[in-house]
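Protein chains in written order, with my numbering: chain A, 1 to 204; chain B, 1 to 411.
Be a bit skeptical, because a hint or two may be false.
Listed below are the simulated DSSO-like cross-link pairs for lysine-lysine, each with C-alpha atoms no more than 27 angstroms apart in a straight line [as the list claims (entries may be wrong)]:
1) A:K10 - B:K104
2) A:K10 - A:K85
3) A:K189 - A:K179
4) A:K189 - A:K62
5) B:K114 - B:K104
6) A:K175 - A:K85
7) A:K30 - B:K114
8) A:K70 - A:K10
9) A:K10 - B:K72
Chain B residues, not near chain A, derived (Cβ > 12 angstroms throughout) [to be verified]:
10) L49
11) A155
12) P338
Since the hints were derived computationally from the structure, they do not count as laboratory data. We treat Cβ as the ideally placed atom computed from N, Cα and C, and that holds for glycine.
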Amino acid sequence: MNLPGSGILKGMAVTAVNFIGSFFDRAHAKRLITEQYPEERPTLVETSRSFPFLVFDGDPEKGIRCTACKICEKECPPQCISIVKAKDANGKPILRPQIFDIDISVCMGCQICVEVCPFESIRMDNIYEVSAYDRFGTLVLHKDQLLKSNEYYRQIHPTEAAQTDARIEAVRVKKAAAKAASAKAAAAKAAAAQAAQTQPEPAA
Amino acid sequence: MHFLENLPLATKKYILDLVEAACGWLCTKLGIPLPAWAMPLILTLASILIVIVAILAVYLVMFALMSVAERKILARMQNRYGPNRAGWFGILQPVADGIKMLTKEDLVPRGADKIVHFLAPIAMVAPALMLPAIIPYGTGMVPVELSAGILYFFALGAGTELAVFMAGWSSNNKYSVMGAMRAIAQMISYELPLVMSAVIAALVAGTLSPTGIVEAQGGYSFGFLPNWFVFTPWGFVACLLFYIGALAESNRCPFDLPEGESELVAGHLTEYSGFKYAIFFMAEYVGMFAINGLLVTLFLGGYKAPCPFLEWIPSWGWFFAKLALLAFSMVWVRATLPRFRIDQMMQFAWKFMLPMSFAALIAAAAWHYAGRGPAAWGLSALIVGIPYLVLGYFCFTRRHTADNRTYLFSE
Numbered sequence: 001m002n003l004p005g006s007g008i009l010k011g012m013a014v015t016a017v018n019f020i021g022s023f024f025d026r027a028h029a030k031r032l033i034t035e036q037y038p039e040e041r042p043t044l045v046e047t048s049r050s051f052p053f054l055v056f057d058g059d060p061e062k063g064i065r066c067t068a069c070k071i072c073e074k075e076c077p078p079q080c081i082s083i084v085k086a087k088d089a090n091g092k093p094i095l096r097p098q099i100f101d102i103d104i105s106v107c108m109g110c111q112i113c114v115e116v117c118p119f120e121s122i123r124m125d126n127i128y129e130v131s132a133y134d135r136f137g138t139l140v141l142h143k144d145q146l147l148k149s150n151e152y153y154r155q156i157h158p159t160e161a162a163q164t165d166a167r168i169e170a171v172r173v174k175k176a177a178a179k180a181a182s183a184k185a186a187a188a189k190a191a192a193a194q195a196a197q198t199q200p201e202p203a204a
Numbered sequence: 001m002h003f004l005e006n007l008p009l010a011t012k013k014y015i016l017d018l019v020e021a022a023c024g025w026l027c028t029k030l031g032i033p034l035p036a037w038a039m040p041l042i043l044t045l046a047s048i049l050i051v052i053v054a055i056l057a058v059y060l061v062m063f064a065l066m067s068v069a070e071r072k073i074l075a076r077m078q079n080r081y082g083p084n085r086a087g088w089f090g091i092l093q094p095v096a097d098g099i100k101m102l103t104k105e106d107l108v109p110r111g112a113d114k115i116v117h118f119l120a121p122i123a124m125v126a127p128a129l130m131l132p133a134i135i136p137y138g139t140g141m142v143p144v145e146l147s148a149g150i151l152y153f154f155a156l157g158a159g160t161e162l163a164v165f166m167a168g169w170s171s172n173n174k175y176s177v178m179g180a181m182r183a184i185a186q187m188i189s190y191e192l193p194l195v196m197s198a199v200i201a202a203l204v205a206g207t208l209s210p211t212g213i214v215e216a217q218g219g220y221s222f223g224f225l226p227n228w229f230v231f232t233p234w235g236f237v238a239c240l241l242f243y244i245g246a247l248a249e250s251n252r253c254p255f256d257l258p259e260g261e262s263e264l265v266a267g268h269l270t271e272y273s274g275f276k277y278a279i280f281f282m283a284e285y286v287g288m289f290a291i292n293g294l295l296v297t298l299f300l301g302g303y304k305a306p307c308p309f310l311e312w313i314p315s316w317g318w319f320f321a322k323l324a325l326l327a328f329s330m331v332w333v334r335a336t337l338p339r340f341r342i343d344q345m346m347q348f349a350w351k352f353m354l355p356m357s358f359a360a361l362i363a364a365a366a367w368h369y370a371g372r373g374p375a376a377w378g379l380s381a382l383i384v385g386i387p388y389l390v391l392g393y394f395c396f397t398r399r400h401t402a403d404n405r406t407y408l409f410s411e
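Hey, can you work out the whole structure from these sequences and the hints?
As structure tokens, this is what we get:
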């Protein structure tokens, strides 16, 4: 049986060890595990995601992958995406967005737009310091703010980016093969036609 | 170090001389002869004013420092950093807190008794600020020399209970009333052991004057051990009882049931905001410092140095060092112990602390009549030790409480 009151002394010893230990402890080692945010940045895990962005290859105008198909706009559960298709000089729609806005005050980061995009064009970013004083002016991201290079994507999400690149490459190779095959077939057909023309028709 | 020792008193005398000279100069300038009775009156008033300003300044600065130091220490004990944003290492935190409190809206509930609601913080802070008047801060440094200073202290301290109940009742809020009722129950229960243990010190010193009690603790046994009451068995027990009582009286953890936020929102403070809340907060801290000051006076040798070779440090330095140590220990206790349950708290007061304080009283008397020597020391240790073990083992066992409890709705 312990002496009455010894439990209190034991508890006091624990807090005393914590108190003294906190002065001889490297930050984040065992005690004082708080990250001092503005000075210390959190190291984000690779899978962390916040809001979508648009991927481009090379040039932000020409290399834009988005074709303004509006699938993401239709699929977005909180309807935070709004897209307007671009038009050429004759007023004919072309496969490029004129306006691409995402309201990040509405966006819930569900990643459904990323899942449905057939052109690997919309992807998740990991920015987190996006608070602003003006709700309608600054929290709606426009096309020029959303466009980010594929290199940036490789940097923040390397594994995902590699998979995406592989998929795009596979599609490109397949297309090229198909093209080559069709070209070959066309050439063969043309050659056959020519041969038929030059050779005299056998007598029936 | 004679200079430092006399610094507060010399400053006061200097200001008084200045006042006297200024009055004389003004009268000759205006051509009005000063009546003979006027000068002593002016000087008395000036002297009172200086003491009031000094007490207010010292206690409010201590309150400000304590409010940030407490949070820092508490944080360290819980492996956190605590406030470190405002100013250098968070030292400007009290300023930020103060500005926040002052700019907040002062809400009064519609159904509240407005006059009592307004008066409660005043009734709380006035006795709290009057308490420090009788505490001797250094040799000859006692603001009001009262022959019954201890009595004055407890008479005023009891006024806090009224203020707490005023606050709770006038708020027209169930949490406030429940918090206030708990506060009353707690304060009255713990007042008893608190006063009993103070009586022990007064009994041995043979006086109710705080200065007299401090002087009774002067000198050293064997040339190094100070004759503080805390170093005797009965004094040690009485000191601990007083300390626990002080925790309960100042509503600090683990006795913060009146404002237990997990069950009562904020108790009697629920309907207070802004400056009134700040006043309650301040009164609590000033009251805590005052009762700690009394603890230092009664048991820890007041302004006396702990060893003969440390006597070069000014006496008021020793007083405030001991006060700071006690304040630290209260934060330490707060970081360690969880809150009492209300029935446990009442049991602890009536079944343990009150008998223990009687035992300590008898031990003190035995110590005195046995000649205050080593034999007396042993005898008094026995008289407090046996009740401690008996009460500790048989009063709070689990079996005892389990028998008394009936479960109506659960197995």
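Hint check:
1. A:K10 - B:K104: Distance of about 42 angstroms is beyond 27 angstroms: violated.
2. A:K10 - A:K85: Violated, at about 72 angstroms.
3. A:K189 - A:K179: holds (15 angstroms)
4. A:K189 - A:K62: Roughly 36 angstroms between the alpha carbons, so the hint for K189 (chain A) and K62 (chain A) is violated.
5. B:K114 - B:K104: holds (19 angstroms)
6. A:K175 - A:K85: holds (26 angstroms)
7. A:K30 - B:K114: Cα-Cα ~52 angstroms, so violated.
8. A:K70 - A:K10: violated (66 angstroms)
9. A:K10 - B:K72: holds (22 angstroms)
10. L49: holds (41 angstroms)
11. A155: holds (32 angstroms)
12. P338: violated (9 angstroms)
When each numbered hint is compared with the structure, violations occur for hints 1, 2, 4, 7, 8, 12.
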